[in-house]
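Now for the letters of each chain:
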Amino acid sequence: MTWAIEALGLGKQYVRGAAHRRHIMTLRDALAEWARRVGGGTASAGSAVTERFWALNDVSFAVEPGEVVGIIGRNGSGKSTLLKIISQITAPTVGEVRLNGRTGTLLEVGTGFHHELTGRENVFLNGTILGMHRAEIARKFDEIVAFSGVEDFIDTAVKRYSSGMQMRLAFAVAAHLDPEILVVDEVLAVGDAEFQKKCLGKMEDLSRTGRTILFVSHNMNAIDQLCSRVIWINGGAVIEDSHDAYAVTTRYLFGEEGAAALKSEWRPPVDAALDTEYFALRSFRARDDAGKTITRPIRNDEQAVIEIALDVRKTHPGLNFGYSIVNESGVRVYWTLTTDQTREHWPKLECGRVTLTSAVPKRFLNQGLFRLELHAGIHNQVWFSQPGATPYAVFLRIAGGLSDSPYWTTARSGVVAPVVSWSATTD
Amino acid sequence: MSVVRIIRPIDDRRLIEELRDLWRGRGILAVLIKRDIAVRYRQAALGILWAVLQPIVTTAIFTIVFVIFIRLPSPGVPYPVFAFAGLVIWQYFSRAVTEGTSSLVTNSSLITKVYFPRIVVPLVAPCSAALDCLLGVAVLLVIALLFQAQLHWTAVFVPFVLLFVGLFGYAVALCLAPLHAIYRDIGILLPFTLQVAMYLSPIAYPASIVPESVRWLYRLSPVAVMVDAMRWALLGSEPPSAAGVVFTLLSTVLLFWGGLNLFRRVEGTLVDRI
Numbered sequence: 000m001t002w003a004i005e006a007l008g009l010g011k012q013y014v015r016g017a018a019h020r021r022h023i024m025t026l027r028d029a030l031a032e033w034a035r036r037v038g039g040g041t042a043s044a045g046s047a048v049t050e051r052f053w054a055l056n057d058v059s060f061a062v063e064p065g066e067v068v069g070i071i072g073r074n075g076s077g078k079s080t081l082l083k084i085i086s087q088i089t090a091p092t093v094g095e096v097r098l099n100g101r102t103g104t105l106l107e108v109g110t111g112f113h114h115e116l117t118g119r120e121n122v123f124l125n126g127t128i129l130g131m132h133r134a135e136i137a138r139k140f141d142e143i144v145a146f147s148g149v150e151d152f153i154d155t156a157v158k159r160y161s162s163g164m165q166m167r168l169a170f171a172v173a174a175h176l177d178p179e180i181l182v183v184d185e186v187l188a189v190g191d192a193e194f195q196k197k198c199l200g201k202m203e204d205l206s207r208t209g210r211t212i213l214f215v216s217h218n219m220n221a222i223d224q225l226c227s228r229v230i231w232i233n234g235g236a237v238i239e240d241s242h243d244a245y246a247v248t249t250r251y252l253f254g255e256e257g258a259a260a261l262k263s264e265w266r267p268p269v270d271a272a273l274d275t276e277y278f279a280l281r282s283f284r285a286r287d288d289a290g291k292t293i294t295r296p297i298r299n300d301e302q303a304v305i306e307i308a309l310d311v312r313k314t315h316p317g318l319n320f321g322y323s324i325v326n327e328s329g330v331r332v333y334w335t336l337t338t339d340q341t342r343e344h345w346p347k348l349e350c351g352r353v354t355l356t357s358a359v360p361k362r363f364l365n366q367g368l369f370r371l372e373l374h375a376g377i378h379n380q381v382w383f384s385q386p387g388a389t390p391y392a393v394f395l396r397i398a399g400g401l402s403d404s405p406y407w408t409t410a411r412s413g414v415v416a417p418v419v420s421w422s423a424t425t426d
Numbered sequence: 000m001s002v003v004r005i006i007r008p009i010d011d012r013r014l015i016e017e018l019r020d021l022w023r024g025r026g027i028l029a030v031l032i033k034r035d036i037a038v039r040y041r042q043a044a045l046g047i048l049w050a051v052l053q054p055i056v057t058t059a060i061f062t063i064v065f066v067i068f069i070r071l072p073s074p075g076v077p078y079p080v081f082a083f084a085g086l087v088i089w090q091y092f093s094r095a096v097t098e099g100t101s102s103l104v105t106n107s108s109l110i111t112k113v114y115f116p117r118i119v120v121p122l123v124a125p126c127s128a129a130l131d132c133l134l135g136v137a138v139l140l141v142i143a144l145l146f147q148a149q150l151h152w153t154a155v156f157v158p159f160v161l162l163f164v165g166l167f168g169y170a171v172a173l174c175l176a177p178l179h180a181i182y183r184d185i186g187i188l189l190p191f192t193l194q195v196a197m198y199l200s201p202i203a204y205p206a207s208i209v210p211e212s213v214r215w216l217y218r219l220s221p222v223a224v225m226v227d228a229m230r231w232a233l234l235g236s237e238p239p240s241a242a243g244v245v246f247t248l249l250s251t252v253l254l255f256w257g258g259l260n261l262f263r264r265v266e267g268t269l270v271d272r273i
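Heads up: the sequence lines are chains A and B, in that order.
For the first sequence, position 358 (counting from the first letter as 1) is numbered 357 according to numbering that gives the first Met the number 0, and the numbering increases by one without interruption.
For the second sequence, position 12 (counting from the first letter as 1) is numbered 11 according to numbering that gives the first Met the number 0, and the numbering increases by one without interruption.
Bound-form chain A, shown alone (with noise of 0.2 Å):
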């Protein structure tokens, strides 16, 4: 087997000392550790020697050709230096790492961009210096203007360019660079919705065509949808490799318990069940239309169905059931009773296993993660389940198909995300 890349023991040691901390040494700080170290041998006071900590650890990995990785994890865990070594800018202290093919890193959109330079120049500038040759450029060079946009202002200094410009060019020539392998840093962290969607649907292509990709990001929902694979860094050291991606990253954001806890279907346990006079909760879940239950985020355009199935064992004209939907903020977006409409349309809660289904609203809900809490009482009488005290909830995740429009791939601002339709009249 070829790997595309191949890490074995890697390890990054770093000192940090009393000089180091003011990043720039003098002459004088050599100088004297020198005359130091010639002189009184090693008495010099323990503090101000300098400390060396590892920043990667024994890091190794093999990534196979047409991969898409993620790599997360915290700020500080390692993994901008694990990327720093893999794109050759810094040197390991041990260990080593194996690249077949050509290799493109793009840790910065705008990397080598000179503002005196007009935009043809930079394109020239900035592809040769990602490692692409001369001729390449010139061939590539009117696509890469189309993908930018900036054709007008094509022969204009960068530094008249609005920094939107300047990124939609570098990332131009940034997505041309047709690698075998390409390396990206958090470069969604930047640019509006528009230019992630772009940068996003060009790693899709690429990786459609074998590239393989290494992605650095702290947007989940993007590594969800691009990532085979994901590898998770924490304290230098890869904590988790596994190629269920949704199960990592939602370890990552919620821990373990709360990925535990991520559940969209509850059922009774032995010993917490809700079981009264009236009714006993069988489940209650979410689910697709085809009756599965949910266990992997949806798009905001997939129909979720809320299901509660009960044990009838006696009526009440008041008896209701219902669940409320909560985000991550703790917002409550909506809540929700059988007994929302008018009388007739109230769904007949005879005695027998009942089935409760309702749909969640299409086009509705924003990205992100909810939690549906169960509702079940007596109207003005008393609550079997109420609504922010309730042990019975379930977790649904919405990432993506927040819109057709270009114009929003995350999450939207506002609470909910719903698709309102516009028209225009002219007199």
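By construction, these hints were calculated from the structure, which means they are not laboratory data.
Predicted model, so just to flag it, every value in this text is computed and none were measured.
Treat the hints with caution; some may be incorrect.
Listed below are the simulated SDA-like cross-link pairs for lysine to any residue, each with C-alpha atoms no more than 25 Å apart in a straight line [claimed, not checked]:
1) Lys196/A <-> Glu301/A
2) Lys33/B <-> Leu176/A
3) Lys33/B <-> Ala137/A
4) Lys33/B <-> Ala134/A
5) Lys158/A <-> Ile32/B
6) Lys196/A <-> Asp339/A
Given chain A, put chain B in place with the hints provided.
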């Protein structure tokens, strides 16, 4: 797949790989030189004229001070031609060294974000400054005609002298650039050192006015050798001493070898310390 790249700790890199890097980085070198030149003259109203104005003014001042005030004995050729020839070489050398030394720091935004052979970075200044230097030589020819100085057939060697000055400047920059990246003191020390070096070198005056007891130093000094070589080639004055040429060649090789070694050792972790 054709390209296999292995990334290892820096201690494993060999000197030959540095030289190979230099060759591999030629495309980027060309682009960086072009950028350097374009940026330098893009916004200046007098543009490329600045390149020649500076030595002309300096020569004028030298002429006033040394010929009119001090009444320096004639160096054998018209003084302005003599001084300008020295200045062209000196300015080329000093720009190559100054800009070459700071190159790693001024390009740090590039170096910390994308990989390309770093060894080409200190070479950009010696190459882009060569354009100014060539213009200076053109002006020198005009001045020589104006003052009716006798041009010598050896003028065909001038390009080689310039090439050598560039190489020597690169060798010095190669040693200083990694040091400057780590210890910024170099940046403060260098302009001052260069200024002292200029006054100590036979640029505004001929080495013949120097006391006999220290003249051997003038014969060995690489800067003096290069300036003498330029005057010899163009104006047919006394050639640099054989000992001086040998010493200069040796020190260039030594500096180049030392610079390559230093670069090789620092290169891998430069980004962490810059």
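Against the structure, the hints come out as follows:
Of the pairs offered as hints, the one joining Lys196/A and Glu301/A holds, with about 20 Å between alpha carbons and a cut-off of 25 Å not exceeded. Under the criterion of a C-alpha separation no larger than 25 Å, the hint pairing Lys33/B with Leu176/A is consistent with the structure, at around 21 Å. Simply put, Lys33/B and Ala137/A have alpha-carbon atoms about 17 Å apart, close enough for the 25 Å limit, and the pair holds. Proposed proximity of Lys33/B and Ala134/A is supported: the alpha carbons are some 17 Å apart, at most 25 Å.
Between Lys158/A and Ile32/B, the direct Cα distance comes to roughly 20 Å. Compliance with the 25 Å bound is thereby established for this hinted pair. Annotation: proposed proximity of Lys196/A to Asp339/A is violated, straight-line Cα distance about 39 Å (limit 25 Å).
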